[in-house]
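Enquirer: What follows is the residue order along each chain.
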Amino acid sequence: MDRLPKWADVVLVPVISLVLAAFVSALVLLAIGQSPVEAFKVMVDGALGSAYGWGYTLYYTTSFIFTGLAVTMAFHAGLFNIGGEGQAQLGGLGVALVCLSVPWPHWTIALAAATVGAAVFGAAWAAIPAYLQARRGSHIVITTIMFNYIAAALIVYLLVDVLRPAGQMDPATARFPAGAKLPTLDLIPGFNLVFTKAVPANITLFIALFMAWVVWALLWRTRLGYQIRAFGKSEAAARYAGIKPVRITIVAMLISGGLAGMMSINNVMGEAERLLQNSSEGAGFIGIAVALMGRNHPFGVVLAAVLFGFLYQGGAELGLWTSIPIELRIVVQGLVILFTGALDQMVRMMLTWAFRMTRMGAA
Amino acid sequence: MDYATLLQILDSTLRLATPLLLACLAGLFSERAGVFDIGLEGKMLMAAMASGTVAALTGSVWLGLGAGVAASLVLAALHGIASITFRGNQLIAGVALNFLSSGITVLVAQRLFGQGGRTPPLTGDGRFNPITLPFADTLAGVPVIGPLYADVISGHPVLVYIALALVPLSWWVLFRTRFGLRLRAVGENPAAVDTAGVSVVGLRYAAVAITGVLCGLAGAYMATALQAGFGREMTAGRGYIALAALIFAKWRPWQALWACLLFGFFQALALRPDVVESVVRVKVPVSFLDALPYVLTVLVLAGFVGKAIPPRAGGEPYVKER
Numbered sequence: 001m002d003r004l005p006k007w008a009d010v011v012l013v014p015v016i017s018l019v020l021a022a023f024v025s026a027l028v029l030l031a032i033g034q035s036p037v038e039a040f041k042v043m044v045d046g047a048l049g050s051a052y053g054w055g056y057t058l059y060y061t062t063s064f065i066f067t068g069l070a071v072t073m074a075f076h077a078g079l080f081n082i083g084g085e086g087q088a089q090l091g092g093l094g095v096a097l098v099c100l101s102v103p104w105p106h107w108t109i110a111l112a113a114a115t116v117g118a119a120v121f122g123a124a125w126a127a128i129p130a131y132l133q134a135r136r137g138s139h140i141v142i143t144t145i146m147f148n149y150i151a152a153a154l155i156v157y158l159l160v161d162v163l164r165p166a167g168q169m170d171p172a173t174a175r176f177p178a179g180a181k182l183p184t185l186d187l188i189p190g191f192n193l194v195f196t197k198a199v200p201a202n203i204t205l206f207i208a209l210f211m212a213w214v215v216w217a218l219l220w221r222t223r224l225g226y227q228i229r230a231f232g233k234s235e236a237a238a239r240y241a242g243i244k245p246v247r248i249t250i251v252a253m254l255i256s257g258g259l260a261g262m263m264s265i266n267n268v269m270g271e272a273e274r275l276l277q278n279s280s281e282g283a284g285f286i287g288i289a290v291a292l293m294g295r296n297h298p299f300g301v302v303l304a305a306v307l308f309g310f311l312y313q314g315g316a317e318l319g320l321w322t323s324i325p326i327e328l329r330i331v332v333q334g335l336v337i338l339f340t341g342a343l344d345q346m347v348r349m350m351l352t353w354a355f356r357m358t359r360m361g362a363a
Numbered sequence: 001m002d003y004a005t006l007l008q009i010l011d012s013t014l015r016l017a018t019p020l021l022l023a024c025l026a027g028l029f030s031e032r033a034g035v036f037d038i039g040l041e042g043k044m045l046m047a048a049m050a051s052g053t054v055a056a057l058t059g060s061v062w063l064g065l066g067a068g069v070a071a072s073l074v075l076a077a078l079h080g081i082a083s084i085t086f087r088g089n090q091l092i093a094g095v096a097l098n099f100l101s102s103g104i105t106v107l108v109a110q111r112l113f114g115q116g117g118r119t120p121p122l123t124g125d126g127r128f129n130p131i132t133l134p135f136a137d138t139l140a141g142v143p144v145i146g147p148l149y150a151d152v153i154s155g156h157p158v159l160v161y162i163a164l165a166l167v168p169l170s171w172w173v174l175f176r177t178r179f180g181l182r183l184r185a186v187g188e189n190p191a192a193v194d195t196a197g198v199s200v201v202g203l204r205y206a207a208v209a210i211t212g213v214l215c216g217l218a219g220a221y222m223a224t225a226l227q228a229g230f231g232r233e234m235t236a237g238r239g240y241i242a243l244a245a246l247i248f249a250k251w252r253p254w255q256a257l258w259a260c261l262l263f264g265f266f267q268a269l270a271l272r273p274d275v276v277e278s279v280v281r282v283k284v285p286v287s288f289l290d291a292l293p294y295v296l297t298v299l300v301l302a303g304f305v306g307k308a309i310p311p312r313a314g315g316e317p318y319v320k321e322r
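Chains A and B supply the protein sequences, listed in that same order.
For the first sequence, the positions run 1 to 363 when the working numbering is used.
For the second sequence, the positions run 1 to 322 when the working numbering is used.
FYI, nobody ran anything at the bench for these hints, they're computed from the structure.
Fair warning: there could be bad hints in the mix.
To be verified - Cross-link-like lysine-lysine pairs, in silico, BS3-like; alpha carbons within 30 Å at most:
no.: 1; chain 1: B; residue 1: Lys320; chain 2: A; residue 2: Lys6
no.: 2; chain 1: A; residue 1: Lys244; chain 2: B; residue 2: Lys250
no.: 3; chain 1: A; residue 1: Lys197; chain 2: A; residue 2: Lys41
no.: 4; chain 1: B; residue 1: Lys283; chain 2: A; residue 2: Lys233
Isolated chain A, as found in the complex (with noise of 0.2 Å):
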């Protein structure tokens, strides 16, 4: 078979693929009585056609770059880690017991430590299904997907019967002291001229965006991200060349949940400012949409956090002006996942197909 040009496989594989899950949207749309082109542009004004719409957006975006990366990093050393959601609403906890812990005097102190919470406290919910992997051959898969109800649980549980202030109804934690309170996009020196209206994107994004970059140093840059990818593309190479591989799985999901429970200084800390149940709202299962779109690669997978911030909001926007469900998004997410992530070699297949004609059209 004829290899596609790299430029195709990297840009034209992705950009078909989405372009054939929007086309089966359109469909399904169209399926159920609604107009996909008024859908649509519901969607644009209400995520991309203002400032205000983009300070959700990019909210959204910010957990879903945390969240992608995780995938991403697990990937790479060839484990699927489907437990980003429980890992992401554990992260949440760590966030919430360190914002409670004492009263915080700056912000800055306070983010420093609650990344920390938050990276610890997802690496752990990560660490029993690692080391399960890693030592006792179970399916990572299966044991992510069972601490993903696990953790669930075991928030309800804290929250009903242990961390709610008394006095109080519903299941949250007390809220968070003054001075662990984020800057919002709006009330950041130059970013104030464009958002003009409160939003809930906040500082959290520079982090995100910093992690991006960390991540692809880490995986390209240094020793131990050649032996995650060496591992991930052959373990029995890489046990040759001398890499353990019970290290690499632990190590590689440690990062990967750690990445995971991070997204919680955006949404916990950032945006609710105490924690509820279901923090995480379904951002753990988009990172897997995420990684995918974006082809595994930090940079990608930002842009893809984008695209699926714009999707969130823009279906958010159809939930609220139109009679369409919200859980459209839920759709658009699973033919992603399907078209990027199983269907490639489908839409690989057509593009070499395509090459071949053009090729012999011009000879």
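Assemble the complex: chain A is given as a structure, and chain B must be docked to it using the hints.
Expert: Same frame as chain A, now just chain B:
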């Protein structure tokens, strides 16, 4: 705990184990043929919605069952196209189908009924009603065994008995027929099957189709027998628990039955916190009982039951050598 309570718990164990068992046998065929399927959950959910919808619209549970199986088969075909024909990642295909179903079921139910993604409650012929086995009433008076027969074994919807009958049938198909031998061979060493002149692709599609039918039964049972109608996310991770049961059972039908009954028992316990508390004599938070089936699954997977070795060619697309 008295005998009557025990019987109640065993009764709900059987009711709750049935969808797990159907999904587990579904996974058994697919995985024995070398196609991993974490999309059992999505297929069940789609089948539940389709059967709930059609049963509500026509008033016939059998048409509902047919629709459920058909909907599940469509997803099975998609899984086959992605993972057999185009040799895509089987796990990712399964995850994609799960999300797809999770969204589409709500979209369709909301469009048709406008009740927040639910289907209207089913009544009468719209759902599978309990059937009383022969002599259940006569034997109920016999001490110990009588109530066991009358309350636990008798009095379930027909799908429960179909699921139980499918266990020996699956065993016979997989281990006593030529088709079963080939199907298992395709999961262990597809190249050998190919050399013998049997179509690897054909066998894998057949296996995936059987998975579709069984998941369809599981989903239809959820919406038309266990409950009266479809509700969003009503499968609640049962597809994953069935997978765990399959691993626990080491990919064998009879063991799958015991594993599913065990997980069904855990789910039944989670519904009766009062009983659990009276036995362990400590106050148990409800969320702990909710998490119990998942925790036990992890413990089981952690290898406290011996090593589970999956079919050797599982998860790998077959590429014919040229």
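Enquirer: What are the numbers of the hints the structure violates, in ascending order?
Expert: 4
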